[in-house]
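A.B. asks: Next come the chains, spelled out residue by residue.
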Amino acid sequence: MTSKILKYSVFVLVLLMIVGGIYYLKLPNRHKAIIKTQVYHKLGLVDDTWNIKLTDSNIALISPTFVIDNIYKSMEGPKAMTSFQIDPTKSDLVWLTSFETKAMSTNEIDPLSNDYVCHTNIDFYDGEHFSRWNLNDRIGEAYPRLTSMSNGIESYKFPEGFGFPVFTNENLFIATQSLNHNIEADAFTIKHSVSLGVRAHSNTMKPLMSRTVFVMLPYNSEQPFQGPTDTNPNMCLPVDIKNHSYQDNEGNSLSGHWVIFKGKETFKYDITEQLHIKDSLTMHHIAVHLHPFAETLELRDKTKDTTLFTSIAENYGEKIGLKKVSYFSSINGIKLYSDHNYELVLKTNNTSNDNQDMMASMFLFFYDSDMAEKLLNYKKN
Amino acid sequence: MKFYTVILILMIFGCHHSPEELPILSYKINDRGDQVPYTINYTNFKNQDNQAFTTENIMSKIVVANFFFTRCPSICPPMRTELQNINEVFKNKNDFLMVSHTIDPKNDTVEVLYNYAKSTGVDSDRWQFIRSTTEETKKQAELYMTNFRPTDDETDFYHSSYVALLDRKQRIRGFYNILAVEESERLIEDLKQLLE
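So the protein sequences, as listed, match chains E and R.
Residue 43 in this note's numbering is what sits at position 43 of the first sequence, and the numbering runs on without skipping anything.
Residue 512 in this note's numbering is what sits at position 131 of the second sequence, and the numbering runs on without skipping anything.
Same shape as in the complex, but just chain R (with noise of 0.2 Å):
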């Protein structure tokens, strides 16, 4: 089944034009109105296998990252799913890695995440699944540039279904709606493009 998501991907990215050298997105304006890059760097979250996971664990590398919760019933499966067969495109590639940091840390403990982690069938080494504080995990958020928040009934959380790409440099290069077919596509040329 892979191989043929595989085949199908390259079918339909392969003969796909190079993109434009992607900007730099990670810069805020601050009070004094100037524009200030900035670098993703992490402290306080641990990953699947109870290990902590720190700014070193991104390094040189290219990375996908998203919010989830392992409860969430409407967008995060069809994301995990997307998320796999990205994995499928790069998987000979030592320096890309994904990170999928919990927004649910009360419900999603290192154990539900090695479970869930486990049952996407991608090694450890390769698809991160963090968890930290809420207050953490927010200050995380204003990093990657989005928000999460409980609904109403409480029931589920408002998040997003964006990814964000960083270079090797933990620089923000892209955000895309892997959702929509035509942005997972974006995403692809973009990590070519990077891994390169």
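Looking at chain E on its own, in the form it has when it is part of the complex (with noise of 0.2 Å):
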């Protein structure tokens, strides 16, 4: 009877590592790397802790270790996240006025090669920032990322002076990326290591708010990873379309992500909508979000026909990535009507044999005149 049974266990366990394994081989790399990556932390095989400290200016967040064992295109690498407090402790109003991201050996010390940064991006609760406030209607409007750093932006700060204010114990949520566009060798560890400036509260601080802007493109929601040709415009998704795809008004399926192929290209997309700009409003940092292979991309006001910033993105030669990507930052800002139509323009050019994926984002920071009002009165605790 035991023996039985023991068959049958060993039958079940056999099976189910049979359907297991043909299921994980059919899986994307990303799949992939989020499964690998679980199962080298839940086992301990390599550190799943995130190392947070804060000093005067900064607060550190030290990420949960890397397994790169392949070649992981933008979207792929292994990632994590965490929600995290300046400092629970108390409820002190702070300004978080700079971003850095780098990639660092599991050490903690060593620097690594930015190759290895796909995107760091740090969200809030908006219902928690806002509510504080009394603001509530500006709960929900927007999707809630303060910004996000990438390969080739890795770090930048805000005009002097300019700053998004939170309270020390409010929850703030980072999650990170890895990248490796061209190591094929045995697989190596590596750990993210963000820093966020922090400066204390003063009444001379003055207050950004944050709006997402990005190109979409249509593809065909039958036939997504089809395309495109002369008569069918499908842009083709590299990714999954679940969370990376959107519907406009009249139904039509776009995505922020999409293929391209060797050659030069130019894609526009009106992004008045996304500004969703209700009174002027004043820009006074602007930073970008590209892949390899992208050139330029201009933030453009159609009504005036002129271009209001144009980030210029470098590309190493000899390897895949991107070296360098410009950010706008002004004390002074450029305004925006809510009267006047707006585009991004991006130019790329896939200079390698292979089709690569792209998507092109701004996150656009401008003077919060609501919060710096609520500002005035306010006491430090």
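Simulated from the structure, these hints should not be mistaken for lab results.
As the structure is a prediction and not an experimental result, all values here were calculated from the model.
A hint or two may mislead.
Said to hold, decoys possible - Computed spacing ranges between beta-carbons, pair by pair: (1) E:Glu250 x R:Pro454: 18 to 26 Å; (2) E:Asp87 x R:Glu570: 13 to 21 Å; (3) R:Thr436 x E:Lys304: 53 to 61 Å; (4) R:Glu563 x E:Phe188: 23 to 31 Å; (5) E:Lys347 x R:Thr420: 53 to 61 Å; (6) E:Thr282 x R:Pro454: 36 to 44 Å; (7) E:Asp279 x R:Asn411: 20 to 28 Å.
Stated by the list, open to error - Beyond 12 Å from chain E on every Cβ pair, some chain R residues (computed): (8) Arg413; (9) Asp415; (10) Lys427; (11) Thr436; (12) Arg530; (13) His540; (14) Tyr543; (15) Lys573.
For each residue, glycine too, the CB sits at the ideal point set by N, CA and C.
Join these two chains into a complex; the hints should help.
C.D. replies: Below you can see the structure in the form of structure tokens.
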């Protein structure tokens, strides 16, 4: 009887392993990376903890260990996320003024190439953030992304005197993803080190609010991974469509990620609706998120037919990756108007022999006049 | 199935260390610029059994609260599943309570809430589904630091996938996006701490 149970158990186990193995092998690279990272972390094979340290001028967050065992294009690599508070023991108002992400060795000391940084996103909980200041109508208005750093634009700071106000016990979220366009060697391990500049509250500081705009292109939702051809404008998706596809008011499927083919291309997208400007706004900072083979991303005022800012992406010549992506920062700022139309214009040049994935976002930071009014009377706790 | 869910959750979360003491998050900045702490109170709400739901129902309880509606096609079903899993973890704790506020009182009558609650398989003394007028529910959402509004075509509502955690003194001690695995983990850790 016991041997029969054992026999059936072994049979079921082997069957499960075969089915599981086939299922795993059929998964895309990014899903395999998620499973492998979970296994490495849950089994304690590599460090799965976040090391978070606060000083007077910044909060440093060092990620769990990522195992790089493959080529990982944008959005594919091992990743980690966590919520954090700058200092949960206090409810002091402070200002976030700068952002930096970099790759480092697992000894948490030696720097590594930033070729291993895909992106680092910082989000806030808009309910807690706006409700505390009785700005309830702003909850749910836009995705509460504070900012993003990415390959080629790994660090920046707001113009002097500007920042994003948060309470030290407010919930913030960090998600960071690794990248490896080039190294096909034995598996190796890395960490990401993220640093946010923190400044104590001062009445002279000016609040910024962020708004994300990005290029979206049409695709055929029935055949999302095929095309495009001369007769089929389908932009075909490099990633699964669940989290990266949208529908416009007419029900057309749009994607924020698409495939580019060998050669030069230009993509345009009207962002007036994404901007959702009710009154005029003054823009003081722009951070840009691009993928390799992007060359420039312009923010244009269509109404005035002028270019407000052009971000230039410098690609490496000898390997795939972005060396540098320029950003905009200005104390005086640029005005954007509710009765103007705006667009993003992306120029790409795929110099490789393979299809490549593409995306283009701008994180725009505007002077937040509503928050400034609330801050006028704020008394230190 | 529930047994395996609990085993899986315990395996995943069992070895995590205790979090630091949780901050008190229920305070707002008034017009004079002062931080004003407050507690969560209830008036004019009824539960799925058509009984009054008052502040007394949450006194001395550790509460997980969210906003939902029964016709919700998007985030509510996975939120419900996650809350069922969390209830399984703490089913032996008598001072644990979940409170779900409907944001669609027009359609979510007491009878609808009763059937919805029954379908969760969780006892009504552990999971209260409550309703009031839209105005009262909006006020309650403000206390919980969230809001809701109909979408442009009025077929759905914007509402948050966050839940709030209350301590025994009806103060907010945490917010969690329970559609993210890491955030559910954090909620379970924080619940363990408050239920100790």
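A.B. asks: Confirm or reject each hint.
C.D. replies: Hint-by-hint comparison with the structure:
Between glutamate 250 of chain E and proline 454 of chain R, the C-beta spacing of about 20 Å keeps the proposed range 18 to 26 Å intact. For the pair aspartate 87 of chain E and glutamate 570 of chain R, the supplied restraint of 13 to 21 Å holds, since their beta-carbon distance comes to about 19 Å. As the Cβ distance of threonine 436 of chain R to lysine 304 of chain E is approximately 57 Å, the hint placing it in 53 to 61 Å holds. At roughly 25 Å, the beta-carbon separation of glutamate 563 of chain R and phenylalanine 188 of chain E lies within the given 23 to 31 Å, and the hint holds.
A hinted range of 53 to 61 Å for the beta carbons of lysine 347 of chain E and threonine 420 of chain R is consistent with their spacing of about 56 Å. Taking 36 to 44 Å as the suggested C-beta distance range, the pair threonine 282 of chain E and proline 454 of chain R conforms, at roughly 39 Å. For aspartate 279 of chain E and asparagine 411 of chain R, the hinted distance range of 20 to 28 Å is satisfied, since their beta carbons lie about 25 Å from each other. The non-interface label for arginine 413 of chain R is inconsistent with chain E: the shortest C-beta to C-beta separation is roughly 6 Å, within 12 Å.
Listed as a non-interface residue, aspartate 415 of chain R fails to keep its Cβ farther than 12 Å from every Cβ of chain E; the least gap is roughly 6 Å. Residue placement check: lysine 427 of chain R keeps its beta carbon more than 12 Å from all beta carbons of chain E (closest about 25 Å). With 12 Å as the threshold on Cβ separation, the claim that threonine 436 of chain R sits away from chain E holds: the shortest Cβ distance comes to roughly 20 Å. For arginine 530 of chain R, the non-interface assignment is contradicted: its Cβ lies about 7 Å from the closest Cβ of chain E, within the 12 Å cut-off.
With a minimum CB-CB distance of about 8 Å to chain E, histidine 540 of chain R fails to clear the 12 Å threshold, and the non-interface call is violated. The Cβ of tyrosine 543 of chain R sits about 6 Å from the closest Cβ of chain E, inside the 12 Å cut-off, so the non-interface label is violated. Annotated as non-interface, lysine 573 of chain R keeps its C-beta farther than 12 Å from every C-beta of chain E; the closest such distance is 17 Å.
In summary, the numbered hints that this structure violates are 8, 9, 12, 13, 14.
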